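J.: So in numbering that gives the first Met the number 0, the last spot in the sequence shown is 470, and the numbers never skip.
Please note that a few of the clues may not be correct.
Result set (DSS-like, lysine-lysine): computed pairs, CA atoms no more than 27 Å apart in a straight line [unchecked claim]:
1. K68 to K126
2. K101 to K68
3. K90 to K343
4. K126 to K108
5. K260 to K92
6. K104 to K78
7. K303 to K252
8. K252 to K263
9. K90 to K104
10. K263 to K345
11. K339 to K303
12. K101 to K90
No lab work stands behind these hints: they were computed from the structure. Predicted model only: the values in this text are computed from it and were never measured.
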Amino acid sequence: MPPPPPPPSRRNDSKASAASKEENIYIPSFISKRPFYAGEEGDATDYLEHQRLHKTKDDQTKWYDRGKKLGPAATKYRKGACENCGAMTHKAKDCLSRPRAKGAKWTGKDIQADEVIQDVELGWDAKRDRWNGYDPKEYRRVVERYNQMDELRAQLAGPKDKEDGDGEEESKDAGEKYAEESDMGRHQSTATRQLRIREDTAKYLLNLDLESAKYDPKTRTMVDAGATSDKAAALFAEEGFLRASGDAAEFEKAQKYAWEKQEKSGDTSQHMQANPTAGEYYRKKEREEAERKRAERQKLLAEKYGETPEMPAALREAAVTESEQFVEYDESGLIKGAPKVAAKSKYAEDVYINNHTSVWGSWWSNFKWGYACCHSFIKNSYCTGEEGKKAWEASEKQRTGANLIEEAPAQEEVVEEKADEAEPPKQTAKKRTVEEMRDGVSEAELDEYRRKRTAADDPMAKFLGKDELAR
Numbered sequence: 000m001p002p003p004p005p006p007p008s009r010r011n012d013s014k015a016s017a018a019s020k021e022e023n024i025y026i027p028s029f030i031s032k033r034p035f036y037a038g039e040e041g042d043a044t045d046y047l048e049h050q051r052l053h054k055t056k057d058d059q060t061k062w063y064d065r066g067k068k069l070g071p072a073a074t075k076y077r078k079g080a081c082e083n084c085g086a087m088t089h090k091a092k093d094c095l096s097r098p099r100a101k102g103a104k105w106t107g108k109d110i111q112a113d114e115v116i117q118d119v120e121l122g123w124d125a126k127r128d129r130w131n132g133y134d135p136k137e138y139r140r141v142v143e144r145y146n147q148m149d150e151l152r153a154q155l156a157g158p159k160d161k162e163d164g165d166g167e168e169e170s171k172d173a174g175e176k177y178a179e180e181s182d183m184g185r186h187q188s189t190a191t192r193q194l195r196i197r198e199d200t201a202k203y204l205l206n207l208d209l210e211s212a213k214y215d216p217k218t219r220t221m222v223d224a225g226a227t228s229d230k231a232a233a234l235f236a237e238e239g240f241l242r243a244s245g246d247a248a249e250f251e252k253a254q255k256y257a258w259e260k261q262e263k264s265g266d267t268s269q270h271m272q273a274n275p276t277a278g279e280y281y282r283k284k285e286r287e288e289a290e291r292k293r294a295e296r297q298k299l300l301a302e303k304y305g306e307t308p309e310m311p312a313a314l315r316e317a318a319v320t321e322s323e324q325f326v327e328y329d330e331s332g333l334i335k336g337a338p339k340v341a342a343k344s345k346y347a348e349d350v351y352i353n354n355h356t357s358v359w360g361s362w363w364s365n366f367k368w369g370y371a372c373c374h375s376f377i378k379n380s381y382c383t384g385e386e387g388k389k390a391w392e393a394s395e396k397q398r399t400g401a402n403l404i405e406e407a408p409a410q411e412e413v414v415e416e417k418a419d420e421a422e423p424p425k426q427t428a429k430k431r432t433v434e435e436m437r438d439g440v441s442e443a444e445l446d447e448y449r450r451k452r453t454a455a456d457d458p459m460a461k462f463l464g465k466d467e468l469a470r
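Turn these sequences into a full structure, and let the hints guide you.
T.: This is the structure in structure tokens:
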């Protein structure tokens with residue numbers, strides 16, 4: 000007698016699951032029936048396949064190749080390419096390469112290859128994954144750098160710490176022990192110190208007057224020297240005094256020197272933040288050169304006109320030279336009445352096209368931007384000047400109906416003048432003479448009176464003397 004068959008759970012058939020069971024007649028049709036939007040294709044053995052949970056694999060690891068270039072670079076500048084580096088995949092405004100004094104458009108040298116632009120289609124979660132595209136192998140560099148620093152600390156510690164048992168651990172943790180102590184030994188992290196105390200009043204709340212000093216949120220300082228004498232102006236004066244004293248003034252001079260060098264010669268190697276050593280070196284060299292030239296000129300003058308008693312350097316710097324020019328300073332240390340210098344930006348400003356005298360966006364009306372010189376809403380239009388303003392005013396009156404209101408009283412005045420002209424002048428009553436009064440009423444006058452008098456029972460009597468027709 001053969002052994003009984005094993006239960007369904009112990010069979011070797013891989014399809015022995017809930018999908019291979021017979022159809023359950025007690026399941027409602029709205030659950031067992033496959034909906035139209037689920038498609039007609041499916042597993043024939045599983046009548047409830049559309050009810051199963053299908054896990055979709057979202058490829059969240061897909062990312063674009065950062066910094067990958069397309070083959071060899073071009074040898075000649077191409078029309079429409081970046082003016083700075085010569086690549087076709089971006090414009091000069093979006094170029095991430097170092098700005099050159101003369102771009103590849105004019106020199107035709109060192110043209111960079113085009114970047115690889117990929118269309119990466121990511122899901123909802125993959126787009127918001129802040130670690131998407133991160134290579135964990137990059138962290139090895141951080142670990143290696145820290146290991147090298149530990150080795151250097153151990154070498155600098157020397158054999159003294161090796162004699163003690165805990166010496167090695169102390170030298171190893173020396174940097175971490177005092178890591179948060181900075182700024183003259185303050186035991187407080189930099190991030191915590193920058194938080195504002197609740198009792199302090201914010202700078203931008205000192206004075207909300209539009210004519211007062213302005214608060215620049217980017218630099219967190221008070222700007223606009225034309226402020227009135229109030230708390231905000233006093234605060235601006237205090238900040239101006241702090242900026243003009245100590246190392247802050249020296250830093251401002253170094254920053255100004257780097258900017259002027261870059262504007263004049265296009266040399267970006269003397270960047271104040273990227274390469275402060277080079278900037279300080281060249282600035283010091285230029286000062287020494289200026290001092291040497293001054294000494295040579297003074298020597299020549301002394302040889303020609305004779306020497307004068309030399310003034311000490313401290314007194315020479317503190318000496319006040321006489322001048323006929325009167326200059327008055329305000330409480331912030333700025334010259335009174337001096338014109339305000341507008342801040343420059345890297346974008347082109349005050350560029351007038353098509354004979355316009357104002358820029359696009361200088362005028363706004365009816366939720367549209369336009370030119371203030373001719374009231375034109377079309378950006379590429381030619382300037383029409385005052386005629387364009389008059390045409391715009393006429394069109395606005397036509398659109399709002401203001402011209403109809405103005406024309407109505409004028410028309411009424413014209414009608415009244417015409418009516419006055421049409422009416423014949425009324426004859427004044429003629430005075431009767433003494434002879435006429437003696438003779439009495441003549442036959443002709445009596446006949447005229449009979450013709451002109453109005454009868455009370457006449458139905459047309461009320462229309463006499465009127466030009467209107469009865470309706």
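J.: Would you mind marking each hint as holding or not holding in the structure?
T.: Each hint tested on the structure:
1. Simply put, K68 and K126 have alpha-carbon atoms about 24 Å apart, close enough for the 27 Å limit, and the pair holds.
2. A threshold of 27 Å between alpha carbons decides the hint, and for K101 with K68 the separation of about 23 Å falls inside it, so the pair holds.
3. Proposed proximity of K90 and K343 is supported: the alpha carbons are some 22 Å apart, at most 27 Å.
4. With a C-alpha separation of about 38 Å, the suggested pair K126 and K108 falls outside the 27 Å cut-off, and the hint is violated.
5. Distance check on the hinted pair: K260 and K92 sit about 22 Å apart at the alpha-carbon level, within 27 Å; holds.
6. Distance hint between K104 and K78 is fulfilled; the C-alpha atoms sit about 9 Å from each other, no more than 27 Å.
7. The straight-line distance between the Cα atoms of K303 and K252 is roughly 36 Å, outside the 27 Å bound, and the hint therefore fails.
8. Restraint check: the Cα-Cα separation between K252 and K263 comes to about 16 Å, which is no more than 27 Å; the hinted pair holds.
9. With a C-alpha separation of about 12 Å, the suggested pairing of K90 with K104 holds against the 27 Å cut-off.
10. About 16 Å separates the Cα atoms of K263 and K345, which keeps this hinted pair within 27 Å; it holds.
11. Between K339 and K303 the CA atoms are separated by roughly 45 Å; this puts the pair beyond 27 Å, and the hint is violated.
12. Annotation: proposed proximity of K101 to K90 holds, straight-line Cα distance about 15 Å (limit 27 Å).
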